[in-house]
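Using the sequences and the hints, build the whole thing.
Sequence order for the protein chains is A and B. Per my numbering, residue -4 is the first one in the first sequence, and the count goes up by one each step. Per my numbering, residue -4 is the first one in the second sequence, and the count goes up by one each step.
Take these hints with a grain of salt, some might be off.
Which copy is meant is left open, so a pair is good if it fits within one copy or across any two.
[To be verified] Each computed BS3-like pair below joins lysine-lysine, with the alpha-carbon atoms no more than 27 Å apart:
| # | residue 1 | residue 2 |
| --- | --- | --- |
| 1 | 87 | 108 |
| 2 | 277 | 339 |
| 3 | 111 | 303 |
| 4 | 111 | 25 |
| 5 | 249 | 135 |
| 6 | 328 | 249 |
| 7 | 145 | 87 |
| 8 | 303 | 249 |
| 9 | 249 | 277 |
| 10 | 61 | 83 |
| 11 | 25 | 83 |
| 12 | 111 | 135 |
Just so you know, these hints were derived from the structure itself, not from any lab.
There are 2 protein chains.
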Amino acid sequence: EEASVSIADMEDPYAFEPRRHPALKPSNLKPFNAEPPMTLLVDSFITPSDLFYVRNHLPVPEVDEKSYSLEVSGLCVKNSSFNLEDLKKFPKYSVTATIQCAGNRRSEMVNVKPVKGLNWGQAAIGNATWSGARLIDVLKASGFKDNNLKVQHIQFEGLDTDSAHVPYGASIPAEKALDPRGDVILAYEMNGQPIPKDHGFPVRVIVPGIVGARNVKWLGRIVVSEVESDSHWQQNDYKGFSPSVDWDTVDFSKAPAIQELPVVSAICEPLEGATVKLENNKLVVRGYAWSGGGRRIIRVDVTADGGKTWHVADFTDQNDSKVPYHWAWTLWKAEIPVTQNVKKVEIWAKAVDSSYNVQPERFENIWNLRGVCGNAYHRVNVNIK
Amino acid sequence: EEASVSIADMEDPYAFEPRRHPALKPSNLKPFNAEPPMTLLVDSFITPSDLFYVRNHLPVPEVDEKSYSLEVSGLCVKNSSFNLEDLKKFPKYSVTATIQCAGNRRSEMVNVKPVKGLNWGQAAIGNATWSGARLIDVLKASGFKDNNLKVQHIQFEGLDTDSAHVPYGASIPAEKALDPRGDVILAYEMNGQPIPKDHGFPVRVIVPGIVGARNVKWLGRIVVSEVESDSHWQQNDYKGFSPSVDWDTVDFSKAPAIQELPVVSAICEPLEGATVKLENNKLVVRGYAWSGGGRRIIRVDVTADGGKTWHVADFTDQNDSKVPYHWAWTLWKAEIPVTQNVKKVEIWAKAVDSSYNVQPERFENIWNLRGVCGNAYHRVNVNIK
Ligand SMILES: [Mo]
Ligand SMILES: [Mo]
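This is the structure:
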């Protein structure tokens, strides 16, 4: 019987998929991709691990904790390997960081014109506390010494592979990886527990402020390099283009790989199409806001009258512990006065980050063929009871 | 006669104003504020010093190069002073950096609703090569040792004062000032020559990627501190607010002082209202783009049909020498096909920076009572010959 299971496993790359929380709404099953309901998302500053969005590019690999080994190679390091116990011997470092999929909110962009990509709502984002060894400590233990100008990129390979045994891969700029305040960690815990299978068990690299796609799960190899990862996902995906570029004219070499994401926000309550009761003639609106690169959210404005009056939201949760960098999202709440007898309103939200960057009003002029970086104002239509 | 000049000087704080280039268009005379014509601006990657926009908050002070002294005081330093010769003994460091006034493009925002501030066009921005001593070297020579967590801000005072003898002042966050790659310098040269009087003779602090207002001219004092500058310009000016905040409701303590500026671009040619000749049925459009915080411009899109088709501009000038930070602006050119018999077009330009931040479409929803951070799409109406 064991033998037949083993044959079955070889035949079905999806044999090792974990059980998932029933509240997760899949946008794809194989590979598994799913997001939580918005109302659960906004309920807690720290997203529970089993409700954290799942964005898998390939089947979940079966990794044996005991035989797990992380390989380090490349420029300025000697080939080294670290098992999980080795990694746990480094000083343990925790960082609360939001991770967002580049395709979050793609379902709104699609209304302009179809795009290629999973049809994410607004919940392909989550905020967790990640703990593990600092990348820089592990590189130093591999013989890496200080900044070498040749070192430009740190590449990561996952243990997840496609049918041709090519692993998932990505890279980040060396200046992010080596920044003492960059907080890049090789995490073996998510919210105080071993990282769940869907989130990269046993080790995921956490790159705060950088698009989810570079936060490689099931981390198997680190390569110190002069060049970016040559993986499909670094070279020919996860890049932004002009709205006029289509699949006939696109040249992926012309756009930089997405790293830091732009400022974004979304309304999590009420939901699109909901019928809501006013509280003291006010509409209660809640949501999240976040910006890449560690930029803090400094203001969220909400309107229910098409921008004639904007209301500054209160921040219900904002972590100030990592100055100057704010890796975590901001949760906010606004109470909008609504004129009596109004039966329908459209609510808009927009955020401003610490560089005074703002969101664009609409998706029309940021549309791109891969449907990434969708950060236009979020607009929600509700009926008033 | 010398005595009478001296009395006149005491009576007229504007007695020391320098001669200015006749092409500069003043938005105010006392204090002097002026910008160059757009067509001259876009003509060179390095803005000639005499055409660089002038934003003075107070009268230009008369500073004697021989008796000039820069005072350093505050936390973790011993009170020190440096004359110009002392500063020139430090390693000389050059950086090509764009400086932009927070109020650049205010004249466009005013079309939504009046604001308080000088009526700048799109040329309150310029790009120059600045040379001088590194701030960090001067702090170290004053006894400053490494990062002390108490040190949060570096304050600067100008030698320019108001009628009550209060100097111009500003501050920047310590993490910017102390970042070895932050390139903050105490410049005594602009484009290879002593800094002109209007630009801060003999010493201006250059803070690349940060709003002009913190690049203090006629630098007289540096204070290492736990707190921001208490000057009017740091505390009660140069901050952004929600469009619904007016002068009755504004609370300046609620917004952070502007430091990094958001992504911006402008069309410099053709000018608003111009009549232009097509070249091979194409409209030639030129302009600049820039983003704060050292974020590189990765794309500029131009449309002449209201966004139905966007054309990706070519970069005619982009300095790649400072990776990862790009302090200098990008000059660009686009050639837009125009349908025959079209007599009028509106051209829009928008830029994207390396964090994939974009510009907002219109000024309506970024309007703020001080008219700062005006980075909506630039729109220019032209007639086709
Ligand atoms: Mo993603
Ligand atoms: Mo300014």
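Now the hints, each set against the structure:
Neither within a single protomer nor between protomers do residue 87 and residue 108 lie at most 27 Å apart by alpha-carbon distance, with minima of 46 Å and 54 Å respectively. In this assembly of identical chains, residue 277 and residue 339 lie within 27 Å of each other by CA distance solely inside one copy; the values are 13 Å within and 47 Å between copies. For the homomeric pair residue 111 and residue 303, the shortest alpha-carbon distance between copies (20 Å) is at most 27 Å, but the shortest distance inside one copy (35 Å) is not. Only within a single protomer do residue 111 and residue 25 lie at most 27 Å apart by alpha-carbon distance; the minimum there is 17 Å, versus 57 Å between protomers.
For the homomeric pair residue 249 and residue 135, neither the shortest alpha-carbon distance inside one copy (34 Å) nor that between copies (43 Å) is at most 27 Å. In this homomeric assembly, residue 328 and residue 249 come within 27 Å of each other (Cα to Cα) only across copies, at 17 Å, whereas the closest approach inside a single copy is 40 Å. For a Cα distance limit of 27 Å, the shortest separation of residue 145 from residue 87 across copies, 25 Å, qualifies, whereas the shortest one inside one copy, 29 Å, does not. In this homomeric assembly, residue 303 and residue 249 come within 27 Å of each other (Cα to Cα) only across copies, at 22 Å, whereas the closest approach inside a single copy is 40 Å.
Taking CA atoms no more than 27 Å apart as the test, residue 249 paired with residue 277 passes between copies only; the shortest distance there is 23 Å, against 48 Å inside one copy. Taking CA atoms no more than 27 Å apart as the test, residue 61 paired with residue 83 passes inside one copy only; the shortest distance there is 13 Å, against 61 Å between copies. In the homo-oligomer, the alpha carbons of residue 25 and residue 83 never lie at most 27 Å apart, since the shortest distance is 32 Å inside one protomer and 65 Å across protomers. Proximity of residue 111 to residue 135 under the C-alpha cut-off of 27 Å is found in neither arrangement, the shortest distances being 41 Å within a copy and 54 Å between copies.
In terms of the numbered hints stated before, the structure departs from hints 1, 5, 11, 12, listed from lowest to highest.
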